[in-house]
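Based on the sequences and whatever the hints tell you, model everything.
Okay, here's what each chain looks like letter by letter:
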Amino acid sequence: MLLRRIYQFLIIYCLGVGLLFLLKYALGLSDYVIPSPAEIGRTAARDAGPYVLAVLNTLAVAVLGHLLSIGLATAVAILGRLTAWIGSFIRTAAYNIQAYPIVAVAPIIFILLGDGLSSRLLIAAMICYFPLLLSFIGIFSEPVADIEHFYHATRRMTWRLEVKIRAFENIHKISTVLVGSATMAVVGTIVAEFIAATAGIGYSIRIALYQSDLAKILVALFLIGVGTSLYLVSLEGLGNAFQARLKRN
Amino acid sequence: MEAHQLSFRYPNAAGELFCNVSFALPESGFHALFGPSGVGKTTLARMLTGELRGFSGEISLNGGRRALYTYNLERLPGWSTVRRHIEETAPPATRAQAEELLSEFGMEGCVDARFNRLSMGQQNRANLVRYLLQEFDLLIMDESLANVDELTRERIILKIKALFPERCFLYISHNVAEVARFCDRILVLRGASKSPQVVSVQGADLAAQGVAPPPERLERAMLEIVHAA
Numbered sequence: 026m027l028l029r030r031i032y033q034f035l036i037i038y039c040l041g042v043g044l045l046f047l048l049k050y051a052l053g054l055s056d057y058v059i060p061s062p063a064e065i066g067r068t069a070a071r072d073a074g075p076y077v078l079a080v081l082n083t084l085a086v087a088v089l090g091h092l093l094s095i096g097l098a099t100a101v102a103i104l105g106r107l108t109a110w111i112g113s114f115i116r117t118a119a120y121n122i123q124a125y126p127i128v129a130v131a132p133i134i135f136i137l138l139g140d141g142l143s144s145r146l147l148i149a150a151m152i153c154y155f156p157l158l159l160s161f162i163g164i165f166s167e168p169v170a171d172i173e174h175f176y177h178a179t180r181r182m183t184w185r186l187e188v189k190i191r192a193f194e195n196i197h198k199i200s201t202v203l204v205g206s207a208t209m210a211v212v213g214t215i216v217a218e219f220i221a222a223t224a225g226i227g228y229s230i231r232i233a234l235y236q237s238d239l240a241k242i243l244v245a246l247f248l249i250g251v252g253t254s255l256y257l258v259s260l261e262g263l264g265n266a267f268q269a270r271l272k273r274n
Numbered sequence: 012m013e014a015h016q017l018s019f020r021y022p023n024a025a026g027e028l029f030c031n032v033s034f035a036l037p038e039s040g041f042h043a044l045f046g047p048s049g050v051g052k053t054t055l056a057r058m059l060t061g062e063l064r065g066f067s068g069e070i071s072l073n074g075g076r077r078a079l080y081t082y083n084l085e086r087l088p089g090w091s092t093v094r095r096h097i098e099e100t101a102p103p104a105t106r107a108q109a110e111e112l113l114s115e116f117g118m119e120g121c122v123d124a125r126f127n128r129l130s131m132g133q134q135n136r137a138n139l140v141r142y143l144l145q146e147f148d149l150l151i152m153d154e155s156l157a158n159v160d161e162l163t164r165e166r167i168i169l170k171i172k173a174l175f176p177e178r179c180f181l182y183i184s185h186n187v188a189e190v191a192r193f194c195d196r197i198l199v200l201r202g203a204s205k206s207p208q209v210v211s212v213q214g215a216d217l218a219a220q221g222v223a224p225p226p227e228r229l230e231r232a233m234l235e236i237v238h239a240a
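As given, the protein sequences belong to chains A and B, one line each in that order.
Positions in the first sequence are counted from 1; adding 25 to them yields the working numbering.
Positions in the second sequence are counted from 1; adding 11 to them yields the working numbering.
Source of the hints: derived by calculation from the structure; they are not laboratory data.
Computed from a prediction, not measured in an experiment: that's the story for all the values here.
Heads up, the beta-carbon is just placed ideally off N, CA and C, and yes, glycines get one too.
Some hints here could point you the wrong way.
[Said to hold, decoys possible] Partner residues are not named here, just some residues of chain B that face chain A (Cβ under 10 Å, in silico):
hint: 1; residue: H15
hint: 2; residue: S18
hint: 3; residue: T81
hint: 4; residue: Y82
hint: 5; residue: E85
hint: 6; residue: L87
hint: 7; residue: G89
hint: 8; residue: W90
hint: 9; residue: R141
hint: 10; residue: E146
hint: 11; residue: L174
[What the hints assert, rightly or not] Residues from chain B that keep clear of chain A, each with C-beta distances beyond 12 Å, as calculated:
hint: 12; residue: R20
hint: 13; residue: G65
hint: 14; residue: T100
hint: 15; residue: E177
hint: 16; residue: R201
[As the list claims (entries may be wrong)] Between beta-carbon pairs, the in silico distance windows are:
hint: 17; chain 1: B; residue 1: R228; chain 2: A; residue 2: E167; range: 45 to 55 Å
hint: 18; chain 1: B; residue 1: R95; chain 2: A; residue 2: V188; range: 16 to 26 Å
hint: 19; chain 1: B; residue 1: R95; chain 2: A; residue 2: A170; range: 17 to 27 Å
Here is the structure:
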């Protein structure tokens, strides 16, 4: 699984870099615009260390933000599954807010909270929160009539049991949504760092952009790709192990 | 149980599904609800147990007795084995009865498996066992023995009749010979264009230790059912 994800990323990365080199040599662009392969190699050797630390920093914030939004989305979706007005209100609000690009709100968060950890964490959580919430509301609001009927008929149904049944029956869907939203959490963190933070790989890319140093940006992109692949593979592994444990007899 | 002048129409449906349907069932015994597909057997069953409302007319169960409805597509949660699920949902006093039912229903070999590992017939039997262990006065079994072989089905029906003589069962099935042989009263449900919409037929009501009914009695019951339907 890990190798497959890394391969996929490497193919896309090499295609992208290959296209850049094609443009460079076809149009005769200078090393200042698109660096030579040797220059990229030298930059990688020089900056890979600090960049790896920056990627780890970004991933740590992304994971925290992701966990935060999973917890919040689960709690709100459990409330949102209610047929009462509060459930209807939460569902409508989530659909409407989800349609708004959360990144556009990021500057306000930096103005209010500063450029520290809390802003990065909040933006990472917000970016992946609404897709998670909508998926969870859909899952927790959909009755599994063939299983739930017995508990309703015998008056044994509780909200905990209802959530457990619906989560169990949709475990594959939940696992897919979690992996999908993990990418969004990483993207959100990098965007936040790129806008105003003072740490993380997004911040490093911003500095490289000010220096017009494409070699640094390419090295950063490579490390982001590898780091994100590792995180997604870990999540998929956890999801598969959990599903296998549930299905084991 | 008595039903008086029941009328019901699904929203946006062209016509009424039931029009002034009335019938009565004894307090106990193994009875059947028979009729062609789509005539409204499941709808009527859900109305009788209070799962479906919005109809006119009256349904009375003597002394507010408890009615349950089970159907053949029901599933047990997949997170535990059949045995564990039954232990968790059956009243403690019915533990011995649970073992007896599982054994009689031919489930000994698969109670420690999870529900999704069972065949469809085993799934239906496991589902029926957990309902039989609940407190009820009327149990409506909607195709509950579908996908179960004939001999096992016979054993199960006779066991139910022997173990719960004081309770009332309404068995929904499309098998004319089966309902005619094992059931006491057979309510034949017909389309809304026919009147009366429910016709009650006397079945052979074969009991576990009873003498097999004379063939002509069985034949007569089957003919009456087919004629009424």
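Hint check results:
Among the interface hints, the one on B/H15 is violated; its C-beta lies about 24 Å from the nearest C-beta in chain A, farther than the 10 Å criterion. Taking 10 Å as the C-beta contact cut-off toward chain A, the hint placing B/S18 at the interface is violated, the least distance being around 25 Å. For B/T81, the shortest C-beta to C-beta distance to chain A is roughly 8 Å, which falls under 10 Å, so the interface hint holds. For B/Y82, the shortest C-beta to C-beta distance to chain A is roughly 8 Å, which falls under 10 Å, so the interface hint holds.
This hint holds: B/E85 has a C-beta 5 Å from the nearest C-beta of chain A, less than the 10 Å allowed. At a threshold of 10 Å, the smallest CB-CB gap from B/L87 to chain A is about 7 Å, leaving the interface hint in force. Here the hint on B/G89 is kept, as its CB sits about 6 Å from the closest CB of chain A, short of 10 Å. Proximity of B/W90 to chain A holds as hinted, the smallest CB-CB distance being about 6 Å (cut-off 10 Å).
The beta carbon of B/R141 comes within 7 Å of a beta carbon in chain A, closer than 10 Å, and the hint placing it at the interface holds. Checking B/E146 against chain A by beta carbon gives a least distance of about 8 Å; that is within 10 Å, so the hint holds. Taking 10 Å as the C-beta contact cut-off toward chain A, the hint placing B/L174 at the interface is violated, the least distance being around 19 Å. The beta carbon of B/R20 sits about 22 Å from the closest Cβ of chain A, which is more than 12 Å, so the claim that it is off the interface holds.
Distance check for B/G65 against chain A: the nearest CB is about 17 Å away, which clears 12 Å, and the non-interface claim stands. Consistency note on B/T100: stated as away from chain A, yet its beta-carbon is not over 12 Å from all of that chain's, at 7 Å minimum. For B/E177, the requirement that its beta carbon stay farther than 12 Å from each beta carbon of chain A is met, with the minimum near 20 Å. Here B/R201 stays apart from chain A, with its beta-carbon at least about 27 Å from theirs, past the 12 Å limit.
The supplied range of 45 to 55 Å is met by B/R228 and A/E167, whose beta-carbon atoms lie about 50 Å from each other. Range check, B/R95 to A/V188: Cβ separation about 20 Å, and the 16 to 26 Å hint holds. Against the hinted window of 17 to 27 Å, the Cβ-Cβ separation of B/R95 and A/A170 comes to about 23 Å, which satisfies the hint.
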